[in-house]
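K.L.:
In case you want the letters, here they are:
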Amino acid sequence: MTKLQLETEHKTQMIDITDEVKEAVITSGVKEGIAVVFTQHTTGSVVLFEKADQNLHRDYLKMLKTYVSGQDYSHKGGNAAGHLKSAMTGASVSIPVVDGHPAFGEWQGVFFCEFDGPREERNVIIKVING
Amino acid sequence: MTKLQLETEHKTQMIDITDEVKEAVITSGVKEGIAVVFTQHTTGSVVLFEKADQNLHRDYLKMLKTYVSGQDYSHKGGNAAGHLKSAMTGASVSIPVVDGHPAFGEWQGVFFCEFDGPREERNVIIKVING
Amino acid sequence: MTKLQLETEHKTQMIDITDEVKEAVITSGVKEGIAVVFTQHTTGSVVLFEKADQNLHRDYLKMLKTYVSGQDYSHKGGNAAGHLKSAMTGASVSIPVVDGHPAFGEWQGVFFCEFDGPREERNVIIKVING
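Chains as they are written, first to last, in the numbering used here: chain A, 305 to 435; chain B, 305 to 435; chain C, 305 to 435.
There's no promise every hint is true.
Note that identical chains are pooled: a pair holds if it fits in a single copy or bridges any two copies.
Dumping the calculated DSS-like pairs for lysine-lysine here, alpha-carbon to alpha-carbon at most 30 Å [what the hints assert, rightly or not]: (1) LYS380 to LYS335; (2) LYS366 to LYS380; (3) LYS326 to LYS380; (4) LYS369 to LYS335; (5) LYS335 to LYS366; (6) LYS315 to LYS335; (7) LYS307 to LYS335; (8) LYS380 to LYS355; (9) LYS369 to LYS380; (10) LYS355 to LYS335.
In case anyone wonders, no lab produced these hints; they're calculated from the structure.
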């Protein structure tokens, strides 16, 4: 098991953790199996996303903002929107491991999404299963 | 494999199954691995969500309602909205198992979401994989 | 590991791959475990969905279209909407394997979703893990 500790700098932000996932798979020694990438936070998420274009990340964060807006929240604390974005985008992804590497597509990466930052410490757990 | 049987009481509803998932992991005897929590229904879902504030659950269900409204459905039967909510929120989650316990964050729980209730019997399958 | 190659015919489209997933599980010889169904594309996705009613598929694709519309995209290339739909619906699902078969519900199937077609070759990876 690998645990990443991330510091976020903005209210909402996507952090590319593709290389860290690749490294964790190599370190695990698993040749065939799956890698589960999971965050323990309820105002953050882990998603598979296009990794090449930062503009697309902005489009995504903007869309999510639109999506959770336009309603009054019962939840107090000012971060209801962050919770809803987290729930909609999901806390974990599972990636096949083939020939000792996560089977990412050419344009595909893994990202931690911050929805209630900045935060000094965000955690992501990477668990690689043989099989 | 553990199978939960749930009875739902409302049209839409979130049921906290965090303790049942913890129990299933302990019962499995698995110390390191993953737990997959899965529902067989297409008008329900399984999500990771903040577990402390019931208001936030109301915010979430309200947001989903808004999301699937505002269009005419081709599907007959009156539960098209439930199907769409189910597809958007997902039928399964995967949680790392560390030291014999699911690695939930402090505020994080697992919920079965009902989107076409009430129903006498909803099923959730918990599968714990060693690795 | 099983790799499916799919050809898509429309801009947006759902392709039922339930039978292929069943076949891959049988071929794997795994009796108890999980099946991870994963796509390497960032303008496609893999979802669990109701398999009986084509109208419901239309409702779903229409809802997703509405969801990502109404904003100007920073991403150039004309397929920003496809990327956003892909991110929202997810690149993978995990299904328990019980008694040698994926534990689908009665109405439940697995679908590859095309959001930027038509394409001559779309890939889906099916990885079955024993456990």
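K.L.:
None of the hints should be skipped; say for each whether it holds.
P.N.:
Quick rundown of the hints versus the structure:
1. LYS380 to LYS335: Intra 46 Å, inter 37 Å, cutoff 30 Å: neither.
2. LYS366 to LYS380: both (23 Å within a copy, 16 Å between copies)
3. LYS326 to LYS380: For LYS326 and LYS380, the Cα distance is within 30 Å only across copies (28 Å; inside one copy 39 Å).
4. LYS369 to LYS335: neither (39 Å within a copy, 39 Å between copies)
5. LYS335 to LYS366: neither (38 Å within a copy, 40 Å between copies)
6. LYS315 to LYS335: The answer is neither: 38 Å in one copy and 36 Å across copies each exceed 30 Å.
7. LYS307 to LYS335: both (20 Å within a copy, 17 Å between copies)
8. LYS380 to LYS355: Answer is between; shortest inter-copy Cα gap is 14 Å, intra-copy 34 Å.
9. LYS369 to LYS380: For LYS369 and LYS380, the Cα distance is within 30 Å both inside one copy (18 Å) and across copies (21 Å).
10. LYS355 to LYS335: For LYS355 and LYS335, only the intra-copy Cα distance (24 Å) is at most 30 Å; the inter-copy one is 34 Å.
Hint check: violations occur at hints 1, 4, 5, 6; the rest are consistent with the structure.
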